[in-house]
Amino acid sequence: MTQTSKFLKSSAVSVIGVPFSGGQPRGGVDQGPVRLVEFGLLNQIEELGWSVEYEGNENIESLRPKEDPDAFNLKQPKYVSAVTEHVSKQIYNAAKEGKFVLTLGGDHSVALATVSGVFGAYPNACLIWVDAHADINTPASTDSGNIHGCPLSFLTGIADHHPDFDWVQPLLKTDRLTYIGLRDIDEAEKKIIRDLNIKAFSMHHVDKYGIGKVVDMALDHVNPNRDLPIHLSFDVDALDPSVAPSTGTPVRGGLTFREGHYICEAIAETGLLVATDIMEVNPTLEDSHAVYQTVQVGCSLARCCLGEGLL
Numbered sequence: 000m001t002q003t004s005k006f007l008k009s010s011a012v013s014v015i016g017v018p019f020s021g022g023q024p025r026g027g028v029d030q031g032p033v034r035l036v037e038f039g040l041l042n043q044i045e046e047l048g049w050s051v052e053y054e055g056n057e058n059i060e061s062l063r064p065k066e067d068p069d070a071f072n073l074k075q076p077k078y079v080s081a082v083t084e085h086v087s088k089q090i091y092n093a094a095k096e097g098k099f100v101l102t103l104g105g106d107h108s109v110a111l112a113t114v115s116g117v118f119g120a121y122p123n124a125c126l127i128w129v130d131a132h133a134d135i136n137t138p139a140s141t142d143s144g145n146i147h148g149c150p151l152s153f154l155t156g157i158a159d160h161h162p163d164f165d166w167v168q169p170l171l172k173t174d175r176l177t178y179i180g181l182r183d184i185d186e187a188e189k190k191i192i193r194d195l196n197i198k199a200f201s202m203h204h205v206d207k208y209g210i211g212k213v214v215d216m217a218l219d220h221v222n223p224n225r226d227l228p229i230h231l232s233f234d235v236d237a238l239d240p241s242v243a244p245s246t247g248t249p250v251r252g253g254l255t256f257r258e259g260h261y262i263c264e265a266i267a268e269t270g271l272l273v274a275t276d277i278m279e280v281n282p283t284l285e286d287s288h289a290v291y292q293t294v295q296v297g298c299s300l301a302r303c304c305l306g307e308g309l310l
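Numbering (numbering that gives the first Met the number 0), first residue to last: 0 to 310.
Mixed in with the good hints there might be a few duds.
Pairs of lysine to any residue, SDA-like flavour, derived with a Cα cap of 20 Å [unchecked claim]:
id : residue 1 : residue 2
1  : K77       : E57
2  : K189      : S201
3  : K198      : Y208
4  : K8        : K65
Computed Cβ-Cβ distance ranges for the label pairs, DEER-style [claimed, not checked]:
id : residue 1 : residue 2 : range
5  : A11       : S61       : 24 to 30 Å
6  : F38       : N58       : 18 to 24 Å
7  : G308      : K65       : 46 to 52 Å
8  : G156      : N92       : 38 to 44 Å
These are calculated hints, taken from the structure and not from any lab test.
Values in this document were obtained by computation on a predicted structure and should not be read as measured data.
Heads up, the beta-carbon is just placed ideally off N, CA and C, and yes, glycines get one too.
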């Protein structure tokens, strides 16, 4: 550990793998967590001075229901709900014990679990969402029905009632949410962001102000006194496809390697970071070099969140 944490009670990291692809149609993203671990991530974290506990959730497929029809415009709602409710309890327990929680996805529907668990333990936390996409479609507004594009609507309480997600509590206040890296946003999501006055920094803002200023402005909005716990949810498609090609919904014009790492480094330096998600690594897409490159980036982002710096 290279920085003093204001909230963690120990130097333990609870690494929770969520090998799950049910929130979107492409297989393979369920293999992301194990590939990050096979690449040596747990040992890399220990070398930074942390103790590591690992829960791989290898049997997550057992939670798949026999029947899971589309409901209220959403695909596989029962499966997504069962998995995320199960994992949310693991995350809550680890966070409540004062451990740093590092969740390895899986598709971004897993944020239903991570945010529910972290904010259950830290009700006054704030969320920094680094992503090409806003993931705040409601069941009514989503064109695809893929739940990885909807988690924030449930977590903020703006989603229409959906019987399969009654367990999800609206723990996230919209003034405690900020985006970095947006560049592929549905029209309905743009309206939601405007109407709710959610602070969002697109790639236009990164170009205009530079990543250092953007991170400062994001923190000034959700954590002005630098006294609240921070949850960072990082979708690797926030990075440009030239940096992280093996992901399901790549969009050109994203964060550079250094911009992505700076976000993690700067937030870690605050001493307020209590949880990080590394999401949407899909090792079945692209060639072996691209997969290696993407897995390597996922591991290095995680290490930066845990205190690794350049000097």
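Verification of the hints:
1. K77 / E57: Holds, at about 19 Å.
2. K189 / S201: holds, 11 Å
3. K198 / Y208: holds, 15 Å
4. K8 / K65: violated, 41 Å
5. A11 / S61: 24 to 30 Å: holds, 27 Å
6. F38 / N58: 18 to 24 Å: Cβ of F38 to Cβ of N58: about 22 Å, so the range 18 to 24 Å holds.
7. G308 / K65: 46 to 52 Å: holds, 49 Å
8. G156 / N92: 38 to 44 Å: Since the Cβ atoms of G156 and N92 sit about 24 Å apart, the hinted range of 38 to 44 Å is violated.
Comparing the model with each earlier hint shows violations of hints 4 and 8; every other hint is respected.
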